[in-house]
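**Student:** Please build the complete structure, drawing on both the sequences and the hints.
Heads up: the sequence shown begins at 554 in my numbering, then just goes up one per residue.
Treat the hints as calculated values from the structure; they're not laboratory data. Heads up, a few of these hints could be off.
[What the hints assert, rightly or not] Have a look at the derived ranges for each label pair, beta carbon to beta carbon:
no. : residue 1 : residue 2 : range
1   : E619      : S731      : 39 to 45 Å
2   : Y839      : P601      : 58 to 64 Å
3   : P829      : I602      : 35 to 41 Å
4   : G629      : K786      : 53 to 59 Å
5   : H599      : A707      : 41 to 47 Å
6   : D763      : G743      : 39 to 45 Å
7   : D763      : V583      : 46 to 52 Å
8   : A576      : Q736      : 24 to 30 Å
9   : Y572      : A747      : 45 to 51 Å
[What the hints assert, rightly or not] Pairs of lysine-lysine, PhoX-like flavour, derived with a Cα cap of 25 Å:
no. : residue 1 : residue 2
10  : K912      : K901
11  : K911      : K901
12  : K914      : K901
Small disclaimer: the values here were computed from a predicted structure and weren't measured. Cβ coordinates follow ideal geometry from the N, Cα and C atoms, glycine included.
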Amino acid sequence: MTAKRRTLLQIPQGTEGFYLEEAFRHRRIVALLDGLYESWGYLPVHTPIFDFFDNYKPLLGDRALESVYRLIDRDGDLLMLRSDITLFLARQMGLALRAEHLPVRVYYSDIILRHQDREDISRNEFFQSGVELIGRQGEAADLEILLLLERTLALVDLRAVIHLGSHALFAACSAGLSEADRQALGAAIGGRDAERVAGLLQSRDGVSADYLTRLFLFIGDGAELRTLYLEGKRSGFLPEAALRELQHLHSLLEELSALATRPAFRVDLSEIGGQPYYTGIVFQAYLENQDSAIASGGRYDRLLEFFGFPAPSVGFSLLLRKVEPAIRDQGRFDRPTIERVEEESFAKAFLRAEELRKKGKIAVL
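**Tutor:** Listed below in structure tokens is the structure:
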């Protein structure tokens, strides 16, 4: 193989191309999800592929800052490639919306680019499908988004478990910590490091490190959550804001148990949100035998306000290309049989093919 040929066959690390039957199947899955979101009253949106980096820098945590791709444009301005559709969408909506437009329901399906760990160079390019409900707060809005995620997964027969937690609970219980200790506590909770969590909480007056460690490492059902809530209420270990959030989670779980088509939800209080802009519930969906989430989301009531338009919001995104190999479709996304049309002249073949296409069939000349 020549050096030129070898260069032509290479693509940058972490990027992806897919073609023909695989691309056809992907487009069919996207169309199916788009139809679901439209049936719930959501409208499509498209965000720019790049934007000014300084618009988003204050909203990016240390890890996100390391992962975004940056470039200089021809005028010397620093840009960033789209690494999170929610951020780019919030800026667009913040500029375009007015109070009389609310509530607004939108969905998207598009590519994001972000650098992964150096040990994992297999993916830097991802395809996200997701929805955002803008201008609604409270239990009904949270339930709508959670149930739409559950219906999304059910539609493509993905039997995932959705772990439901709360950034608001973490914020209430970590109030008073220094920013460094707060970040360290969040990392310890996310890593489910009980010893580290207890150590960071041990020095706080009037706080039971044992109880809060059990709280933030809790995974269970509604009845178990209720028991944990009552213990916190009787003992006085929890501030009022934390008690309200536990009540909210318990109420959500009761409604979801009645309305979900599958038993797909569990409370996981180590889920505190991977993005700094979350303010309320947060959740991630996991498939068996996969070590990272396939979908994530939550409530971010102050994000649009950062871009000049105060509006509560909640949404989720699904890493679609990540889950497509696991979708059991029994052929429903395969390309239909192609009918080859042969006639004595091109004109006759063309007219015959048009008749077949009007009937929904695929015809080639």
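**Student:** Taking the hints in turn, state whether each one holds.
**Tutor:** Structure-based check of each hint:
no.	hint	in the structure
1	E619 to S731: 39 to 45 Å	violated, 22 Å
2	Y839 to P601: 58 to 64 Å	violated, 31 Å
3	P829 to I602: 35 to 41 Å	violated, 23 Å
4	G629 to K786: 53 to 59 Å	holds, 57 Å
5	H599 to A707: 41 to 47 Å	violated, 27 Å
6	D763 to G743: 39 to 45 Å	violated, 20 Å
7	D763 to V583: 46 to 52 Å	holds, 48 Å
8	A576 to Q736: 24 to 30 Å	violated, 41 Å
9	Y572 to A747: 45 to 51 Å	holds, 48 Å
10	K912 to K901	holds, 17 Å
11	K911 to K901	holds, 16 Å
12	K914 to K901	holds, 17 Å
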